[in-house]
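All chains, full assembly: derive it from the sequences and hints.
There are 4 protein chains.
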Amino acid sequence: MIVVLKNGVSKARQDQLIEWFKSMDLGVHVSVGESSTVLGLIGDTTKVDLELVESLDIVDSAKRVSERFKRCNRKFHPEDTVVEVGDVKIGAGNFAMIAGPCSVESEEQIITVARAVKASGAQILRGGAFKPRTSPYDFQGLGGEGIKLLLAAKKDTGLPIVTEIMSAADLPLFEEVDILQVGARNMQNFDLLKELGTIDKPILLKRGLANTLQELLMSAEYIMASGNERVILCERGIRTYSDYTRNTLDLAAVPMLHELTHLPVIVDPSHATGIARLVPPMSLAAAAAGADGLIIEVHNDPMHALCDGAQSLRPEEFDALARKVTAVREALK
Amino acid sequence: MIVVLKNGVSKARQDQLIEWFKSMDLGVHVSVGESSTVLGLIGDTTKVDLELVESLDIVDSAKRVSERFKRCNRKFHPEDTVVEVGDVKIGAGNFAMIAGPCSVESEEQIITVARAVKASGAQILRGGAFKPRTSPYDFQGLGGEGIKLLLAAKKDTGLPIVTEIMSAADLPLFEEVDILQVGARNMQNFDLLKELGTIDKPILLKRGLANTLQELLMSAEYIMASGNERVILCERGIRTYSDYTRNTLDLAAVPMLHELTHLPVIVDPSHATGIARLVPPMSLAAAAAGADGLIIEVHNDPMHALCDGAQSLRPEEFDALARKVTAVREALK
Amino acid sequence: MIVVLKNGVSKARQDQLIEWFKSMDLGVHVSVGESSTVLGLIGDTTKVDLELVESLDIVDSAKRVSERFKRCNRKFHPEDTVVEVGDVKIGAGNFAMIAGPCSVESEEQIITVARAVKASGAQILRGGAFKPRTSPYDFQGLGGEGIKLLLAAKKDTGLPIVTEIMSAADLPLFEEVDILQVGARNMQNFDLLKELGTIDKPILLKRGLANTLQELLMSAEYIMASGNERVILCERGIRTYSDYTRNTLDLAAVPMLHELTHLPVIVDPSHATGIARLVPPMSLAAAAAGADGLIIEVHNDPMHALCDGAQSLRPEEFDALARKVTAVREALK
Amino acid sequence: MIVVLKNGVSKARQDQLIEWFKSMDLGVHVSVGESSTVLGLIGDTTKVDLELVESLDIVDSAKRVSERFKRCNRKFHPEDTVVEVGDVKIGAGNFAMIAGPCSVESEEQIITVARAVKASGAQILRGGAFKPRTSPYDFQGLGGEGIKLLLAAKKDTGLPIVTEIMSAADLPLFEEVDILQVGARNMQNFDLLKELGTIDKPILLKRGLANTLQELLMSAEYIMASGNERVILCERGIRTYSDYTRNTLDLAAVPMLHELTHLPVIVDPSHATGIARLVPPMSLAAAAAGADGLIIEVHNDPMHALCDGAQSLRPEEFDALARKVTAVREALK
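Protein chains in written order, with my numbering: chain Y, 66 to 398; chain H, 66 to 398; chain R, 66 to 398; chain C, 66 to 398.
Please keep in mind that the hints were generated in silico from the structure rather than gathered at the bench.
Take these hints with a grain of salt, some might be off.
[As the list claims (entries may be wrong)] Below, computed lysine-lysine pairings styled on DSSO-like, alpha-carbon distance capped at 27 Å:
(1) C:LYS213 x R:LYS112
(2) R:LYS259 x C:LYS87
(3) C:LYS398 x H:LYS183
(4) Y:LYS128 x H:LYS196
(5) H:LYS389 x C:LYS213
(6) R:LYS196 x C:LYS259
(7) R:LYS87 x H:LYS87
(8) R:LYS135 x C:LYS196
(9) C:LYS128 x Y:LYS87
(10) H:LYS389 x C:LYS389
(11) C:LYS71 x Y:LYS128
(12) H:LYS259 x Y:LYS259
(13) R:LYS398 x Y:LYS398
(14) C:LYS87 x Y:LYS128
(15) R:LYS154 x R:LYS259
(16) R:LYS71 x H:LYS140
(17) H:LYS128 x R:LYS87
(18) Y:LYS135 x C:LYS128
[Said to hold, decoys possible] According to the in silico footprint, chain R covers these stretches of chain Y (three or more CB under 8 Å from chain R):
(19) 209-218
(20) 272-279
(21) 299-312
(22) 349-359
(23) 385-397
Here the structure is a predicted model, which means the values were calculated and not measured.
Cβ coordinates follow ideal geometry from the N, Cα and C atoms, glycine included.
Encoded structure:
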């Protein structure tokens, strides 16, 4: 950590600060410049509170030189992590197509969609059983019953399943679930992250609506520091002033995360845009930007054709998209 | 809800949509205009998914006429809610000054600060026992031990206490806590909100970093719909592009929330700015804008004078501020 | 326009509002619902101030049904516009690769880069002569002299040139420039836009840092309403809380703009990210998302190899990228 | 400037970088730490491009120690600047109340409003003659004719006037205007700023919708570096995801700007919120936060009572507000 002192700081106060750093087992390298004095902290500065240091009245500014994330840091693990679930691999060139309905509604629905997306090349089935909803009056998902239906679809198609967990208290219901998803709203539900660090299943961790990449990685670090290293990151759009899409898909996060971490990075264009007709171009863009996979909402609901325009694709739209994604990936090999 | 159809929609598809609404027990009033047809939905539209409707390919746009929050809606409860805790009242002209350290560290610390802030007029003591931290390597708070220290300070000073709860599993530890705080990161931890709706204590609900007022009110609604109507809202800054303060304090939220809801609204200038010297002007501004209270970080740490510049005020600074806040409130009576 | 009145508005005030709308030559269709009255305005509502209407104390909410942009609106011009400059076409499947240095520095520099990017397939040369800089102490560009150097490069290579204009007073210097660029900071410099509407050259209009697509289109409308219909839109990143890239590239704007307008839409990944190594993946993503072209910074500066890491690509990097862009576009045909 | 090099950078490349800095007449202080090497640049680094340095592939990060703004920097001018216009003083404890209609519409209107706001204690009259409008089809203001009407109101009441200038070409029309306003959309119209630096009138510079305080100060610096030191800064709300007000008023900018600069800082609550009933609480908050003045929209339009709810206050509302602002300021003396 580099700490720049303000001009005209007294020697006494400067020494007091240096002593404080030393009391944290840090070495301090003092560099006196023309207009300011700079302290270089040597040692494990991960425990130093940057905001506290910056707020000291004798400090002009401070800057971390080393990142605070260790286990997910590419510097310490240069090789890409490959997360395996059944026969499916994600990361290091292995691209995973994950698809399925927003909510699990019935056995017929989930099995129909599962068969359809499998036929189009999807390797993992998604479906919401526990649904985080802004309003308490909205449909909250089928819960444990929804998971049973997902497992029925898994049995039918052989596809591994991923579904969201909202509370550690529900963990027993997820015993046969292949991948547990942490939603954007729970990205910093640290108690949940710690619990998920103790289990032996891959975790799909979605970026929060207003979280930095650094914060996303620190949340991955919570899981990994608790013992579970199988984390898949997911960019799903951030909240900005821009209002024509539900969120703003931040695709540059894909190559940037690949630089910072060895964990696989997938993209959710359905939630990012909230508009079905934007899902194909954003899926192709994500593939071109180097994503390790896509998670896409697909529904099959001939009875309610009204939903056609929602953020979910119809199976035939998903099929066409899957082909194009493959074509883009082939072109860039 | 008002639904505007696109130009040139076929009669058949329009009728299909109308049937769908009717199947939800809604009346549909069709108004055919020159360039577009507008449907007015009559009845309980709280269960209609606005985003789904907007995304239908035959719909140009849709708009809710009635808000989805009921229990916290001023329309249905015109009178201000007064939340009482011990002898302290919050709301309807009752202003609450809440103060205390960021983290509870020791019995001596918390009692010293509690006595100091009480002497300056604070009516409620705050202090962090369970701390949500971005990094798993940061100090996570003293947990249950911290709550015991807070209770010792309560016993010593008579001040009711407020502290953050991060997981419903910890509820037994909060039995003697007066007000339970839900932090910004957990504002949409719906399982936690539901649990807090079943207890008989006031809940201090902080606005999430990137949440709208509508979402804040829907989260209050989660608590209230589960049976607990004693909710205090707290504006604590939102995340924006602006980087000189930790967050951007959105003070217009105070009068706006007062218009939308009958619940009391307080302001946290310490977390909003992250800079101690901005806490006094922002506290005065909050009081002038009509806030029902302030929650301010105060520390008393002669041994670590280094922290002086942090977001916490020293007791003497808090004392001076409390006088000015009173002066502003008097001036506006 | 749909105007929803508040509950309990008196007949007198409602009639007063209706008269006001009628005084603007609008028809008013009144629809009385169970809990609210809705007015449908018929006629040319482009001149009705939506914000004013929304702010009336008897109005609950208001919503425009028809867009306010006319000339750039795809509804009224379903066919893609193709902007031609020399032999180069942009739009309707014609993809333009625009490349060149951030600033024009010397004749040798600009000609070297121009030859290099032409050899790699660029069809248009970019280069800054008038530079908008945050600080008055930064290099402001070579101005008119820079334009002369660009024209020398044009003569040498045959490439048409695009460069930024910051003030209408400079127009005489741009007589031989092929495309005039309006930078993000001037997107709502309406006096400049009006002037550019009177000339007979294509205008490359960049989206402002915090502007909506609606505002971008209204700025295009300023140019078109003044008589110049040759406008090329450019997405170049928006300002968000996210800080690891200079801006957040909003790629969903590409398909969304294609839906709203017939004008061509290109992408500037260099300014959007500010980081050279993110330019290739974001260029490929833009091509996959359906952009009509790219504008990329390329420098050739063996003397100052230090700049290698900046947002500019080296010619050999640009060459490799151009091949991949072509491959992605081929794959998606 | 502090430059932190990446680990493992070769001596040759490091020396090359150092030579480059030295070629800019900078001293370079090298500090070799355990895990990184830090360069301290000594001398005038205002011309060093921070973003360029940060983007070099051998650089981990860089940080400016000294601000780039000089003339508006409080470090070099510790005393508050007082801007005088006629008998009115702004800054250093002198509070200016500026009020008037959004647009100048007629002589009767502007004189009526001017007399009313003067009676309530306003010291300066505002009114729009040249109006920046998002749409080319919206009313663009009366232009030069509007300025004549403002001057008539000035003659009638003795109030100095402030009105917006959008193009340097219009300067001759502003000869008798007392204060020239630069609107938010033109905050980085650098050619306009340079021109305004050559005239002898105070400039009211509004913060752009998405601009940092640093950028606002650099724009003030453009005016001051060109010779005009009479700049008044104005916070008028920033664009965020939050959508219940037109913009988010960033009141913490007031004390923060007072720390960074000696220039006066006023607040525009009318444009910040866009909602008349939020103007009083935000005006009081601004006064409590230490603003040097307010600029408030007031209209007097008995014929169009419909506008009552707009962002403009009625004269009687302004009168009540002015009294309260005075009360708050008295309370804080």
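Going through the hints against the structure:
Between the alpha carbons of LYS213 (chain C) and LYS112 (chain R) the distance comes to roughly 26 Å, so the proposed pair stays at or under 27 Å and holds. The straight-line distance between the Cα atoms of LYS259 (chain R) and LYS87 (chain C) is roughly 46 Å, outside the 27 Å bound, and the hint therefore fails. For the hint pairing LYS398 (chain C) with LYS183 (chain H), the CA-to-CA distance comes to about 25 Å; that is within 27 Å, so the pair holds. A distance of roughly 24 Å separates the Cα atoms of LYS128 (chain Y) and LYS196 (chain H); the hinted pair therefore holds under the 27 Å criterion.
For the hint pairing LYS389 (chain H) with LYS213 (chain C), the CA-to-CA distance comes to about 45 Å; that exceeds 27 Å, so the pair is violated. At roughly 14 Å between alpha-carbon atoms, LYS196 (chain R) and LYS259 (chain C) fall within 27 Å of each other, so this suggested pair holds. This hinted pair does not check out: LYS87 (chain R) and LYS87 (chain H) have alpha carbons roughly 34 Å apart, beyond 27 Å. Distance hint between LYS135 (chain R) and LYS196 (chain C) is fulfilled; the C-alpha atoms sit about 21 Å from each other, no more than 27 Å.
Restraint check: the Cα-Cα separation between LYS128 (chain C) and LYS87 (chain Y) comes to about 24 Å, which is no more than 27 Å; the hinted pair holds. Pair hint LYS389 (chain H) plus LYS389 (chain C) holds up; C-alpha atoms about 16 Å apart against a cutoff of 27 Å. About 14 Å separates the Cα atoms of LYS71 (chain C) and LYS128 (chain Y), which keeps this hinted pair within 27 Å; it holds. Among the hinted pairs, LYS259 (chain H) with LYS259 (chain Y) is consistent with the structure: their alpha-carbon atoms are about 21 Å apart, no more than 27 Å.
About 18 Å separates the Cα atoms of LYS398 (chain R) and LYS398 (chain Y), which keeps this hinted pair within 27 Å; it holds. Straight-line distance between C-alpha atoms of LYS87 (chain C) and LYS128 (chain Y) comes to about 24 Å, which keeps the hinted pair within the 27 Å bound. Distance check on the hinted pair: LYS154 (chain R) and LYS259 (chain R) sit about 25 Å apart at the alpha-carbon level, within 27 Å; holds. For a cut-off of 27 Å, the pair hint linking LYS71 (chain R) to LYS140 (chain H) stands: about 11 Å separates their Cα positions.
Straight-line distance between C-alpha atoms of LYS128 (chain H) and LYS87 (chain R) comes to about 24 Å, which keeps the hinted pair within the 27 Å bound. Proposed proximity of LYS135 (chain Y) and LYS128 (chain C) is supported: the alpha carbons are some 24 Å apart, at most 27 Å. Counting residues of the segment 209-218 of chain Y whose CB lies closer than 8 Å to any CB of chain R gives 0, which falls below the minimum of 3, so the coverage claim is violated. By the rule of at least three residues with a Cβ nearer than 8 Å to a Cβ of chain R, the coverage given for the segment 272-279 of chain Y holds, with 4 such residues.
Only residues whose C-beta sits within less than 8 Å of a C-beta in chain R count toward coverage, and the segment 299-312 of chain Y has 7 of them, enough to reach three; the restraint holds. Evaluation of the coverage hint for the segment 349-359 of chain Y: fulfilled, as 7 residues show C-beta separations to chain R shorter than 8 Å, against a requirement of three. Only residues whose C-beta sits within less than 8 Å of a C-beta in chain R count toward coverage, and the segment 385-397 of chain Y has 6 of them, enough to reach three; the restraint holds.
Violation of the numbered hints given earlier is confined to hints 2, 5, 7, 19; the remaining hints are satisfied by the structure.
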